[in-house]
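Listed below, chain by chain, are the residues.
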Amino acid sequence: MNSICLAIGGFSIRLSADRKIQLEDGYLPFVENQNVENPDFTIRCVEHLPSIGFDASDLLFQAENEFQKFYSIYRNGNQLAFVIYNQQTNNEVQQVAFLDENFKHWTIHCEVTDGLFLPLRYPMGPIVMHYITLKTNAVMMHASCAYDGKKARLFTGFSGAGKSTMSMLWSKAGRQIINDDRLIVRKQDGVFFVYNTPMYYKDIPKKAPLSSIFLISHSPENRIKKLSGAMSITRVMAFSIQNNFDRRFIEGRLDLFTELCSQVGVYELGFVPDESVVNFVLDNE
Amino acid sequence: MEIESLFHLKSKFVTREVGNELIVVPLSANVAQMNELFTLNETAKVIWENLNEGADMSALIQTITDTFDIDRHTAEKDIAVFLQTLEAMLKK
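Listed in order, the protein sequences are those of chains A and B.
Converting from the first sequence to the working numbering requires adding 71 to each position, the first position being numbered 1.
Converting from the second sequence to the working numbering requires adding 811 to each position, the first position being numbered 1.
Just so you know, these hints were derived from the structure itself, not from any lab.
One thing to keep in mind: the hints can contain errors.
Listed below are the simulated BS3-like cross-link pairs for lysine-lysine, each with C-alpha atoms no more than 27 Å apart in a straight line [stated by the list, open to error]: (1) A:LYS296 x A:LYS221; (2) A:LYS206 x B:LYS823; (3) A:LYS258 x A:LYS221; (4) B:LYS823 x A:LYS140; (5) A:LYS91 x A:LYS258; (6) A:LYS273 x A:LYS258; (7) B:LYS821 x A:LYS206; (8) A:LYS243 x A:LYS140; (9) A:LYS175 x A:LYS297; (10) A:LYS206 x A:LYS278; (11) A:LYS297 x B:LYS856; (12) A:LYS221 x A:LYS243; (13) A:LYS222 x A:LYS273; (14) B:LYS856 x B:LYS823; (15) B:LYS821 x A:LYS296.
Computed from the model, here is a short list of chain B residues facing chain A with C-beta under 10 Å [unchecked claim]: (16) PHE849; (17) LEU851; (18) THR854; (19) ILE881.
From the three backbone atoms N, C-alpha and C, an ideal C-beta is built for every residue, glycine too.
Sequences are here, hints too, so could you generate the full structure?
So, in structure tokens, the structure goes:
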């Protein structure tokens, strides 16, 4: 039996298979050097796709755009079944995965392609990461984050709002960038931390204590407004990764974001895309 | 859309009270509605909570005028606007 242990978002995840498991480069810095005896999550990786179909009446969720499907989620007894589609070859099934009712144990089926056995090939990996957060005190966000050694500031918004620009500006100002696109926010011992996650490029695992959240947009001048209450919760939650087909998921998220938005500052930030925004935030948050 | 129909659509949402406001999140079978959660202010929250089986416009107006000490004409107008907006959002 071959196994690899990953540490993502402070969670331990053990993958096991009868053959050697390959990982995309971005996962390699997250590999643990030693085997974890009782991992938080397990993933059994199986060569070959199963020859089963799913009834349309069991379809719970579909991620797709006008050009292609990304993945489908079905009810499968007490489990969830995921059908993941290859992003390059339209609608070809890339993985079929099963998740137990406690969201602790995965079984991922995939074929060996070009000699590679890649059970976490995109988008399976981020889907696994999202479901890891669903029954824990954690959430995945579309966001960038800058850390100055004491405070981590998270920047989120619609696609094109400036998350990557903001990362670049804060990096130029000497701050460490936790990530410029996808983060896990997790509550541990009463404190919210931000973690980076494996991306398509290699980066070391990072963790920082979250101090404030900025909902960003481009603006002709820098402006900031503090948000609170229901408005802060809905505005921040809108930029988290969500598969809202089950009301228990939504209720869990509402619990988490209610607590998060009461503990960290939440601000609306219109910014000029130059270095002036860094001092503006430091002077006005 | 009738109030009765709006009441039935309520089951497709998860709500959470925060202070005097109500957060409303749609259950969804696709990623398109990820950003479509919204907040109801105090007045809208009372209207939402009173969209019950058998509710009618007259009862809603009475509830609003009793709760907020406003005249019936204003209450009726505000309720109508809110219901139209809600119908448009719930139908997405």
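Which hints, by number, does the structure contradict?
5, 8, 9, 15, 18, 19
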